[in-house]
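Colleague: Single-letter residue listing:
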Amino acid sequence: MVTTASTTVHILLFASYAERLGLERIDAALRPGATVADALAYLRALPGGAELPARPLCARNLAHVGADAALADGDELAVLPPLAGG
Amino acid sequence: MVTTASTTVHILLFASYAERLGLERIDAALRPGATVADALAYLRALPGGAELPARPLCARNLAHVGADAALADGDELAVLPPLAGG
Amino acid sequence: MPFLSDTPLDLAGLIAEVTAPDRGGIAAFVGTVRDHHGGRPVAELEYSAYGAMAEAECGRIVEETERRWPVRVALRHRIGLLAIGEAAVAIAVAGAHRDEAFAACRHVIEELKRRVPIWKRERYADGTVEWVGTGQAPGLTAPGGRP
Amino acid sequence: MPFLSDTPLDLAGLIAEVTAPDRGGIAAFVGTVRDHHGGRPVAELEYSAYGAMAEAECGRIVEETERRWPVRVALRHRIGLLAIGEAAVAIAVAGAHRDEAFAACRHVIEELKRRVPIWKRERYADGTVEWVGTGQAPGLTAPGGRP
Chain A
1 MVTTASTTVH ILLFASYAER LGLERIDAAL RPGATVADAL AYLRALPGGA
51 ELPARPLCAR NLAHVGADAA LADGDELAVL PPLAGG
Chain B
87 MVTTASTTVH ILLFASYAER LGLERIDAAL RPGATVADAL AYLRALPGGA
137 ELPARPLCAR NLAHVGADAA LADGDELAVL PPLAGG
Chain C
173 MPFLSDTPLD LAGLIAEVTA PDRGGIAAFV GTVRDHHGGR PVAELEYSAY
223 GAMAEAECGR IVEETERRWP VRVALRHRIG LLAIGEAAVA IAVAGAHRDE
273 AFAACRHVIE ELKRRVPIWK RERYADGTVE WVGTGQAPGL TAPGGRP
Chain D
320 MPFLSDTPLD LAGLIAEVTA PDRGGIAAFV GTVRDHHGGR PVAELEYSAY
370 GAMAEAECGR IVEETERRWP VRVALRHRIG LLAIGEAAVA IAVAGAHRDE
420 AFAACRHVIE ELKRRVPIWK RERYADGTVE WVGTGQAPGL TAPGGRP
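Chains as they are written, first to last, in this note's numbering: chain A, 1 to 86; chain B, 87 to 172; chain C, 173 to 319; chain D, 320 to 466.
Calculated directly from the structure, the hints in this document are not laboratory data.
Each hint should be verified, as a subset may be incorrect.
[Said to hold, decoys possible] Cross-link-like lysine to aspartate or glutamate pairs, in silico, EDC-like; alpha carbons within 20 Å at most:
(1) D:K432 / C:E272
(2) D:K432 / C:D271
(3) C:K285 / C:D298
(4) C:K285 / D:D418
(5) C:K285 / D:E419
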């Protein structure tokens with residue numbers, strides 16, 4: 001069975017990344033089966049998106065994930081600049 | 087030249103050692119050239135002195151020393167039970 | 173929001189949280205705002221966080237640490253505008269033995285720096301403003317892995 | 320007598336003593352009176368010291384530590400009668416980097432336990448009283464040597 005529904009991912013940007021892209025949140029409609037890498041490719045196509053590093057730190061639903069992690073409809077994906085806590 | 091003067095050492099006892107010997111301070115007249123070991127032998131001859139361990143912790147003039155350290159007239163020698171600070 | 177605080181941190185309060193009659197060794201760490209960074213005088217500093225995830229990640233660090241060592245952990249990170257010398261992070265760890273307390277305290281600050289989504293923007297004496305990164309991010313892809 | 324105190328210890332005061340704008344990492348240790356020792360419930364505890372030597376030895380430990388690492392050290396040990404849960408020792412060490420602060424703080428507590436002439440007498444719930452030794456003494460013959 002082929003599903004035609006898209007996967008909507010709520011992307012959050014923080015700190016320097018939010019400044020570079022000029023946005024803190026964007027909802028992206030990705031193809032079903034999309035991964036974190038696909039969401040990053042979507043961001044890179046946006047104005048300022050080319051400035052993102054090759055492999056930024058990412059979190060899916062409040063937990064760190066790698067670029068090959070799968071995304072489901074309704075997931076929250078955060079793209080995190082270098083951490084500076086402590 | 088042979089000196090006939092004795093070496094007076096002020097011996098301090100603390101905590102459990104003071105209790106075993108029933109004294110906190112005693113001035114011992116030792117032969118010139120005496121060492122910490124000689125002072126300990128002097129203590130062992132006192133009532134309760136046999137209960138001292140073979141090699142108790144000792145301090146001469148506020149600094150830790152070994153049993154072979156030399157004693158001079160007027161030195162303060164402290165015999166220290168196992169430490170329990172912290 | 174128990175781990176992030178927008179008011180000054182209280183180490184004595186954290187120590188009181190973790191101390192108990194059978195946990196006599198308490199190791200603590202406080203990180204304060206330095207007056208210099210890369211040779212430039214810092215005037216003030218602002219911490220921001222991905223709040224929901226920072227809370228979750230701090231909770232996971234505390235839980236993992238208390239599972240790995242027989243200790244209790246209290247942890248706070250300041251957010252918002254901080255003056256030079258103010259505490260940005262405070263950690264208190266109590267255990268029956270100091271080995272465990274020191275090891276666990278050290279673990280908490282290392283994991284916090286590595287995993288908790290907090291950022292700082294420094295304003296320098298010359299008026300310029302800059303996001304400060306510790307360079308931890310790019311290689312970190314999973315909570316268990318080292319960069 | 321700056322290192323021995325017959326009143327409750329104040330860790331915040333020690334931290335304030337060592338913190339400076341260029342020393343942003345503060346490691347601390349507090350040792351409190353435990354309620355059990357060797358399986359027996361402890362009611363209260365008394366610390367006594369060879370005061371003049373304890374002061375001198377603490378001074379030497381602080382000096383050696385500040386020479387070995389680029390840190391500042393503050394240290395206090397309580398003497399007299401203490402209740403369960405009260406702090407017996409408090410140490411604060413500040414440095415520019417946490418590695419140094421942790422290493423130096425750990426060094427100070429280890430050396431204090433090994434070298435500073437302080438004794439404790441515990442009174443147990445059953446009324447008996449006992450001098451408590453950590454067994455450090457017999458092998459220790461010089462300040463530089465390990466037992």
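Colleague: Hint by hint, say whether it matches the structure.
Modeller: Structure-based check of each hint:
no.: 1; hint: D:K432 / C:E272; verdict: holds (17 Å)
no.: 2; hint: D:K432 / C:D271; verdict: holds (14 Å)
no.: 3; hint: C:K285 / C:D298; verdict: violated (28 Å)
no.: 4; hint: C:K285 / D:D418; verdict: holds (14 Å)
no.: 5; hint: C:K285 / D:E419; verdict: holds (17 Å)
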